[in-house]
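Fit chain B to the given chain A structure using the hints.
Protein chains: 2
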Amino acid sequence: MTDREQRVLDALEQNRRRPPRFDAPRIDMSHGAGGKATHKLIEGLLLPVLENPALAPLSDAALLPFGEAKLALTTDSFVVRPLVFPGGSIGELAVNGTVNDLAVSGATPLGISAALIIEEGLDTEILSREVRAIAKAAETAGVPVATGDTKVVERGKADGLYVITTGLGIADPELNLSPAAARPGDKILCSGTLGDHGAAILIARGDLELEAEVLSDTRPLTPLTRALKRSAGPGLRFMRDPTRGGVGTVLNELARDSGYGVALWEEKIPVRDVVNGACEILGIDPLYVANEGKLLAVVSPEHADAALEALRGVEGGEEASIIGEVREEPARMVLMHTGFGGTRMIDMLVGDPLPRIC
Amino acid sequence: MTDREQRVLDALEQNRRRPPRFDAPRIDMSHGAGGKATHKLIEGLLLPVLENPALAPLSDAALLPFGEAKLALTTDSFVVRPLVFPGGSIGELAVNGTVNDLAVSGATPLGISAALIIEEGLDTEILSREVRAIAKAAETAGVPVATGDTKVVERGKADGLYVITTGLGIADPELNLSPAAARPGDKILCSGTLGDHGAAILIARGDLELEAEVLSDTRPLTPLTRALKRSAGPGLRFMRDPTRGGVGTVLNELARDSGYGVALWEEKIPVRDVVNGACEILGIDPLYVANEGKLLAVVSPEHADAALEALRGVEGGEEASIIGEVREEPARMVLMHTGFGGTRMIDMLVGDPLPRIC
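Protein chains in written order, with the numbering used here: chain A, 1 to 358; chain B, 359 to 716.
So that you can see chain A by itself, here it is in the shape it has in the complex (with noise of 0.2 Å):
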């Protein structure tokens, strides 16, 4: 057995061997944040009931065989306030949310779901444009919506319209995309600027005082996935779109599953002006704000620079630069390298500063 392997499994076993307990009474808003308490309500409560062969619930999508191939299934429920947000919407957000799933995965999409829970008194008008806005986005990834469902509750549940989207896809065969496939000088690609989608919710609730406009980022991630395939071949190891949590929370996990650390370098993190304004009035890290049209991957560095210009030729990726690398140490942390030469602990997000941002 390699050192690298023996690391992997260490990683795996202290997992195991430390099953986080979830010993909170009652669910609260942290719960669904997708840092610390949402780790520990899937990890506390959801694994040990559901545990199953099939099961893969905290990365992307789960990968169902099918004779010689693999079908990749993954499912999220949208409930951001507002419905309509600058640069996007719920039908579009639910849309490419689980495109990207599928897409970060490595899978082709097949065919998407759409159940709407839609509340009592919604203006015929507001579920029409949102119905559209689902339509277009589909077409604009490429995939049918095959099916759907819808419910309607009493006045004042589901603040509108809760959107629930499921997608189905084909894995790459050729592909083995793991955070157990990372190794020490693995390149961290991100494919543009950060925290975008949260801080445009989060202004357009109007719960920072701050004029400034931002628009979500919400895109199909299909185009720059393919570009990443196409350009680091194999030397793709893993892929993820760093929503709920943010990049902070994603390469925690990644720094925990491959049992390796990640050295983050803060100059070369794209982060617009205005959402780190935002960031400051919330005392939040952009490293933790959710992202709806951001790809992050480890590329081996022999193909890195290759994926850098692969992705920065396509639309969404133009800003794409490589904000870190895998290193053998510090095991299991993430660390960022900031401009003064000084070091910081990325730990994963705790508590729930961003509610309902997706």
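To be clear, the hints were calculated from the coordinates, so they are not data collected in a lab. Built from N, CA and C at the ideal position, the CB exists for glycine as well. There may be inaccurate statements among the hints.
One side of the interface only, derived from the structure: several residues of chain A facing chain B at Cβ under 8 Å [as the list claims (entries may be wrong)]:
1. P25
2. M29
3. I42
4. N52
5. A115
6. E120
7. L127
8. K157
9. A263
10. K268
11. R272
Leaving out everything else, chain B in the frame of chain A:
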């Protein structure tokens, strides 16, 4: 072209020429009840926007071609109140409901996803119980829960818990189930007593001043659909689980989409006394009350007796009966033959006497 083909084409053409207009300015509870208003919402607002070759929103599962095979995809939101009711709970209902939508499409379930929308403040014990109910129902149905999602919404929203399940299955290549496959003389089989689920919910809610206990009939239909496939073979034309909107709605869809008429024999329709009593108080026909563990099937006359016997030999099918048949006339209508030699038309359910039943 045979008479039968012409008739099916006429029915399709008529539906196309008269797309129901959706002119309600706002959504109300009736749009979620599964009857006429729900059909108008789906056919008047959703279908024209989402139309694509894969879309099959009024049948129970969409079929997506995949190589030589066809994949079945179906989704359903469960917003039942209360979360626990005599005979079941929302977690069990959500798994069985989606497994059944696959089963009546003739598909073998491969896996399901479960998305949870949780209300802030929900007792962890309640959540934990429903996750166990999901796991147990999935195990009973022999389907893995492959992936999931959790979201939390503020106190006052979501009534504790909504569960959205999506099912993926493989369609049986031998079967071609559809209302258009029905022919005059075909028998209509029903696997047991009608209205148990709806009545159980209403009584549990205290909506009726009725002390009697009725158990929900929630159960996986896979053993029943398997028995039918084996016993009726090519004589099996169409299957459906009469949930929201009940048997009345399913048979109206059958009449409309086949172009033929449906005759029902009132004395053959199995309804428990207590369910009849509850329906009398409500002034609603048990034919419109939701079932969550009943199978309705159209079977050719020469296979009907074997199919009935097969159903009766399976748990959950002991009280199966032949409740009616397909007839040439009156085209596109459902006619009930009463015990007194009279007849009455069974139209689609108008309005919403039974909200939040599933």
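Given hint E120/A near chain B, where the shortest CB pair must fall under 8 Å: 5 Å, holds
Supplied contact hint for L127/A, tested at 8 Å Cβ to chain B: Status holds, d = 6 Å.
Hint status (Cβ of A115/A to nearest Cβ of chain B, threshold 8 Å): 5 Å, holds
Residue hint M29/A, partner chain B, criterion CB-CB below 8 Å: 5 Å, holds
Minimum beta-carbon distance criterion (8 Å), K268/A to chain B: 31 Å, violated
Residue hint N52/A, partner chain B, criterion CB-CB below 8 Å: 5 Å, holds
Status of the K157/A interface restraint (C-beta, 8 Å, chain B): Holds. Min distance 6 Å.
Per-residue hint verdict: I42/A, partner chain B, C-beta under 8 Å: 7 Å, holds
Satisfaction of the A263/A interface hint, Cβ to chain B closer than 8 Å: Hint on A263/A: violated, closest Cβ of chain B at ~31 Å, above 8 Å.
P25/A as an interface hint toward chain B, with CB separation required under 8 Å: 6 Å, holds
Chain B contact restraint for R272/A - C-beta distance below 8 Å: With a closest approach of 27 Å, the R272/A hint is violated.
Of the numbered hints given earlier, the model fails hints 9, 10, 11; all others are met.
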